[in-house]
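K.L.:
Start from the sequences and build out the full structure, keeping to the hints where you can.
Protein chains: 2
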Amino acid sequence: MNILEKITQHNSLFSKSERKVAEIILANPQTAIHSSIATLAKMSGVSEPTVNRFCRRLDTKGYPDFKLHLAQSLANGTPYVNRHVEENDGPDEYTKKIFESTMASLEVARQSVDINTINRAVDLLTQAQKISFFGLGASASVAHDALNKFFRFNVPVVYFEDILMQRMSCMNCGEEDVVVLISHTGRTKSLVEIAQIARGNDATVMGITSKGSPLAKECNIVLSLEVPEDTDMYMPMASRIAQLILIDILATGFTLRRGNKFRENLKRVKDTLRGSRFDKRGAP
Amino acid sequence: MNILEKITQHNSLFSKSERKVAEIILANPQTAIHSSIATLAKMSGVSEPTVNRFCRRLDTKGYPDFKLHLAQSLANGTPYVNRHVEENDGPDEYTKKIFESTMASLEVARQSVDINTINRAVDLLTQAQKISFFGLGASASVAHDALNKFFRFNVPVVYFEDILMQRMSCMNCGEEDVVVLISHTGRTKSLVEIAQIARGNDATVMGITSKGSPLAKECNIVLSLEVPEDTDMYMPMASRIAQLILIDILATGFTLRRGNKFRENLKRVKDTLRGSRFDKRGAP
DNA sequence: ACATCATATGTAGTAAATTTACAACTTATC
DNA sequence: GATAAGTTGTAAATTTACTACATATGATGT
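Going down the list, the sequences are from chains S and F. Residue 220 in our numbering is what sits at position 220 of the first sequence, and the numbering runs on without skipping anything. Adding 1000 to a residue's 1-based position in the second sequence gives its number in our numbering.
Derived from the structure by calculation, the hints contain no laboratory data.
Computed Cβ-Cβ distance ranges for the label pairs, DEER-style:
hint : chain 1 : residue 1 : chain 2 : residue 2 : range
1    : S       : S36       : F       : H1034     : 13 to 23 Å
2    : F       : T1272     : S       : I115      : 33 to 43 Å
3    : S       : E176      : F       : R1257     : 45 to 55 Å
4    : F       : G1090     : S       : P156      : 24 to 34 Å
5    : F       : K1061     : S       : K61       : 21 to 31 Å
6    : F       : S1036     : S       : Q111      : 28 to 38 Å
7    : S       : R258      : F       : N1172     : 37 to 47 Å
8    : S       : N2        : F       : M1165     : 50 to 60 Å
9    : F       : T1272     : S       : D59       : 47 to 57 Å
10   : F       : S1012     : S       : N2        : 33 to 43 Å
Here are the simulated DSS-like cross-link-like pairs (lysine-lysine), alpha carbons at most 27 Å apart as the crow flies:
hint : chain 1 : residue 1 : chain 2 : residue 2
11   : S       : K61       : F       : K1061
12   : F       : K1097     : S       : K96
13   : S       : K211      : F       : K1097
14   : F       : K1096     : S       : K96
15   : S       : K211      : S       : K130
16   : F       : K1096     : S       : K211
17   : F       : K1042     : S       : K61
18   : F       : K1006     : F       : K1020
19   : F       : K1061     : S       : K42
20   : F       : K1020     : F       : K1097
21   : F       : K1097     : S       : K97
22   : S       : K97       : F       : K1211
23   : S       : K42       : S       : K16
24   : S       : K97       : F       : K1096
25   : F       : K1016     : F       : K1042
26   : F       : K1006     : S       : K96
27   : F       : K1211     : S       : K96
Going by beta-carbon spacing under 10 Å, a handful of chain F positions derived as facing chain S:
hint : residue
28   : L1070
29   : L1074
30   : T1095
31   : F1099
32   : I1245
33   : T1252
All residues carry an ideal CB built from backbone N, CA and C; glycine is no exception.
P.N.:
Below is the structure:
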């Protein structure tokens, strides 16, 4: 992967002249990536083809390709890693760790989403007569956020925190309605019951939950996200954020499906807010 | 620094053909670094010199130098760029774009947080007798989420969506209380009024809002996050998620400050949920 | 020690890629 | 509608990288 390491490791496999090249590159790699093969050959005191052969020995296609690999190795990149916060971490450390862990989790989540399912979910949502969003605990705020987004679309949207209201609302659902249930674990009993009630009334049940969970089994369509568990703090963190992004994606798909005029309508909704705000200058 | 970011930002300075090149590169940067200038020109439907001019406009010496920069950006761990969703994007494209834009925004947000302010905020929160979280619109769900987190800490927490309840709640605040107000723009009139009421009652007002906004001016302490605006969809997206991460950070700081025994308490809270859930096997 | 083979290195020529110079074409402005 | 500023493309020049071949070096076996 890292070509600089590879050079040091492969050292014994190089020929005498190739080793000269290796030395020069290791000594000042920054210069190397900005040199032509001729310059580098002269610096190393060898011929151009030798440099080329050196590159090939490192499994690159040739000199330009080698430079690309070298440049990438030099890019001081620390990819995001899931690092747990520890007891003695100061504010700078835990802030950094939380940001990075979240981003690492999102990267994993990103790769786990199934586009076809998303597309089908958007289909169902656009055709729905009424959309309900329910979640409990940490997922309640996700449902809340979904309400906020879909409410702007001028579609009947329902959101309740109260499980009795949720149940009653599902009792009134019909074939044309979509019920979106949000739960990271998918093991919250009352939410599973709600899924059953909704399906009993022929509503389409969409689960934003983990694959194979009890809730998933009750759903017509499951949007699953694979998010590395953040068990350390006993609080859901990354999972919730991945769910929100999924909501964003669904909302975006929804608006795109509705076309241009619809988006102008969205702008109007936003403009309506103007009266409740101070204008941009900051004057009242 | 990151050349992909640079491309998106300089977009307006490009000419028509140069923009074509930009699009192709942003669409598949991995392919771009392995293409010759001729191939890339053909892919973009422009001439070779245009590609060259495109590179120069980005302050690189030429095409090979540009490729080097591009390779470094891609290796940098963050190939994330703020790209706007477009009308004809399919589900695969907008999903990708939303994930990447969000992550690009988080990267920017991460660099904009001020550790000292966070530390002071955690101080204030740990010392508070009562903590209130208020937000409106999209920020309501963030406040909701904060409630969920801090509620577990066995501290008196307050959260209302209703602005009258918010006002009344603030009327009852005292010197020992902290009121956290969440608003991306910081220009929501009623939230600014609430800040004034809270301060009138000697409460500590903490704003999660943008720097220099009307709301910020009314706060005792401002946690500002710089998040690239995502105006295309007329919906707040990245800002909200950055706010949530900030809540995570504050909550984490809070638990760390409280020490070990406290965290055992958190575990107990979580264990309490067990009764409401199906166990891990998935059996009822 | 010498012949033979294999490997390593360099030279020169070739092919490819990049850049430059200039001409044709758009687009904005008066 | 003429002129100027800016864009884009064509073709030639230049730089860069690669290939084929020749020479050199070194190892191995007789």
